Structures are given as structure tokens and as C-alpha cells.
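> When you get a sec, could you build the whole thing from the sequences and use the hints?
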Amino acid sequence: ETGVTQSPTHLIKTRGQQVTLRCSSQSGHNTVSWYQQALGQGPQFIFQYYREEENGRGNFPPRFSGLQFPNYSSELNVNALELDDSALYLCASSSVGRGGLGTDTQYFGPGTRLTVL
Amino acid sequence: GDSVTQMEGPVTLSEEAFLTINCTYTATGYPSLFWYVQYPGEGLQLLLKATKADDKGSNKGFEATYRKETTSFHLEKGSVQVSDSAVYFCVKAGTALIFGKGTTLSVSS
Numbered sequence: 001e002t003g004v005t006q007s008p009t010h011l012i013k014t015r016g017q018q019v020t021l022r023c024s025s026q027s028g029h030n031t032v033s034w035y036q037q038a039l040g041q042g043p044q045f046i047f048q049y050y051r052e053e054e055n056g057r058g059n060f061p062p063r064f065s066g067l068q069f070p071n072y073s074s075e076l077n078v079n080a081l082e083l084d085d086s087a088l089y090l091c092a093s094s095s096v097g098r099g100g101l102g103t104d105t106q107y108f109g110p111g112t113r114l115t116v117l
Numbered sequence: 001g002d003s004v005t006q007m008e009g010p011v012t013l014s015e016e017a018f019l020t021i022n023c024t025y026t027a028t029g030y031p032s033l034f035w036y037v038q039y040p041g042e043g044l045q046l047l048l049k050a051t052k053a054d055d056k057g058s059n060k061g062f063e064a065t066y067r068k069e070t071t072s073f074h075l076e077k078g079s080v081q082v083s084d085s086a087v088y089f090c091v092k093a094g095t096a097l098i099f100g101k102g103t104t105l106s107v108s109s
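Keeping their order, the protein sequence lines are chains E and R. Mapped onto this note's numbering, the consecutive letters of the first sequence carry residue numbers 1 to 117. Mapped onto this note's numbering, the consecutive letters of the second sequence carry residue numbers 1 to 109.
By construction, these hints were calculated from the structure, which means they are not laboratory data. Computed from a predicted structure; not experimentally measured. Treat the hints with care, since some could be wrong.
The following residues of chain R were derived to be distant from chain E, with all beta-carbon distances above 12 Å [stated by the list, open to error]:
{"no.": "1", "residue": "E16"}
{"no.": "2", "residue": "A53"}
{"no.": "3", "residue": "K60"}
{"no.": "4", "residue": "G61"}
{"no.": "5", "residue": "T65"}
{"no.": "6", "residue": "T70"}
{"no.": "7", "residue": "T71"}
{"no.": "8", "residue": "Q81"}
{"no.": "9", "residue": "V82"}
{"no.": "10", "residue": "D84"}
{"no.": "11", "residue": "S85"}
{"no.": "12", "residue": "V91"}
{"no.": "13", "residue": "G100"}
{"no.": "14", "residue": "S109"}
Pair by pair, the computed Cβ-Cβ distance ranges are [what the hints assert, rightly or not]:
{"no.": "15", "chain 1": "E", "residue 1": "R15", "chain 2": "R", "residue 2": "A17", "range": "44 to 52 Å"}
{"no.": "16", "chain 1": "E", "residue 1": "E54", "chain 2": "R", "residue 2": "D55", "range": "27 to 35 Å"}
{"no.": "17", "chain 1": "R", "residue 1": "N59", "chain 2": "E", "residue 2": "L117", "range": "23 to 31 Å"}
{"no.": "18", "chain 1": "R", "residue 1": "G78", "chain 2": "E", "residue 2": "S7", "range": "34 to 42 Å"}
One side only, chain R facing chain E, incomplete, derived with CB under 8 Å [to be verified]:
{"no.": "19", "residue": "K56"}
{"no.": "20", "residue": "R67"}
{"no.": "21", "residue": "A86"}
{"no.": "22", "residue": "F89"}
Cβ coordinates follow ideal geometry from the N, Cα and C atoms, glycine included.
Written out as C-alpha cells, the structure reads:
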């Protein structure tokens, strides 16, 4: 069974640029969630995708957007990067039905460390 | 809104000491509760979970009991090892996973 993978591992961008982070979900999982973890803090929920549609969103601005593909992999896009976007971005996969956000165990990838200069 | 509060760290213990990390939550209803662990340089891993009141989750010598009366889910281990050094997160399921701020545990030999 393949776990959750993320790419790239590390990324350095400058303020105002755009970034795309990628995630492959665990085999058999149809739901992907994205979290932002600032240094020394707990992860904060960005959004979740279920069967290619957004299935819930946290308190993040619209410049944070995402996609889920038919194979359940996912992308997180961030436009107009700000210094405060520097963080570890975590992807988690699970197998839940619509309306069942967070009701099943989520399995996390190793994360992408984004640094915005 | 819903929240999770866990004891601030860092917690520094000697090997074989008893560990307690306190966690309380606010929520409507009875959500599933989890402890996740983040070892240095590694991703978040599920340590244990409890899905209903009075359930006890356990794994690798760690235990936590879902107490609805006190809205708590404290993590305990009777004898910690150096390899337990990590950051521990108390987590509540719901519309999204709600994480506590994390507690850093350092165990010395």
C-alpha cells in the first residue's frame, strides 16, 4: 500500500509569485485535505476535495485554490504569495463520503516546506 | 467555534518517567478525537484515536480516554523512552480536523 506523497519537498519563492504543490493520495482514498502548518503551530485546515469537488474550506483567502484529479491526486495553488505564506503545507488523504468531512482518519504526507522571500 | 487546547510545552522527562499531556476540547456533539505525533524530520502520524465517549485509544504504550464529562482526552504513557521525543498534537474531528498547538516532548537517557 502506497502512502501519501507530496512534491516538491522544499520550495523557495519570492513575494508576489505563484506556486503549485502536488499530492498523491493513499491507495483507495477518495478525499484529500490540505493544511498549513506555521512554525511552532498546529496545522490549519485550508480545504478538502472529494471526487474532484471542493467539500469544505477553512479561513483562507481565495488566492488559495485547489484541484483534485480523477485519480484522486490533488494540487494546491497559491497566487500572489505573501511572506506569511511561508509554512509547511500538508496533504492528508482519507476515505469519507460527501458531508462526512473529517469523520474518518486522515493520513498525512511528509509535507512541502515553502519559503517566501 | 470548536477548539482544542493542550498543555504548552516543552515537556522534558528522563527515560522511564510517567508522561501526561493534557488536552481539552469544545465541540457540539461527540466528535472523534485523535492524538497525532510528529517525529523530527517526519510527517504527522496517527498515534491513537477514540470515536465515542468512554472509549480508550491505545498504541505503542500510549493511552487516552475520551471523557465527555470533562471534555478531555489526556495522553498518558507509563514509561517514556528517548525514541518518544516528538511533537504531540491533540486533534478533534468535525468539519475539518482541528489541531491543538502541539506539545514538544524531549526524553533524555
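> Determine for every hint whether it applies to the structure shown.
Structure-based check of all given hints:
no., hint, in the structure
1, E16, "28 Å, holds"
2, A53, "16 Å, holds"
3, K60, "16 Å, holds"
4, G61, "20 Å, holds"
5, T65, "18 Å, holds"
6, T70, "21 Å, holds"
7, T71, "18 Å, holds"
8, Q81, "23 Å, holds"
9, V82, "22 Å, holds"
10, D84, "19 Å, holds"
11, S85, "16 Å, holds"
12, V91, "8 Å, violated"
13, G100, "6 Å, violated"
14, S109, "26 Å, holds"
15, R15(E) to A17(R): 44 to 52 Å, "46 Å, holds"
16, E54(E) to D55(R): 27 to 35 Å, "32 Å, holds"
17, N59(R) to L117(E): 23 to 31 Å, "40 Å, violated"
18, G78(R) to S7(E): 34 to 42 Å, "40 Å, holds"
19, K56, "17 Å, violated"
20, R67, "20 Å, violated"
21, A86, "14 Å, violated"
22, F89, "6 Å, holds"
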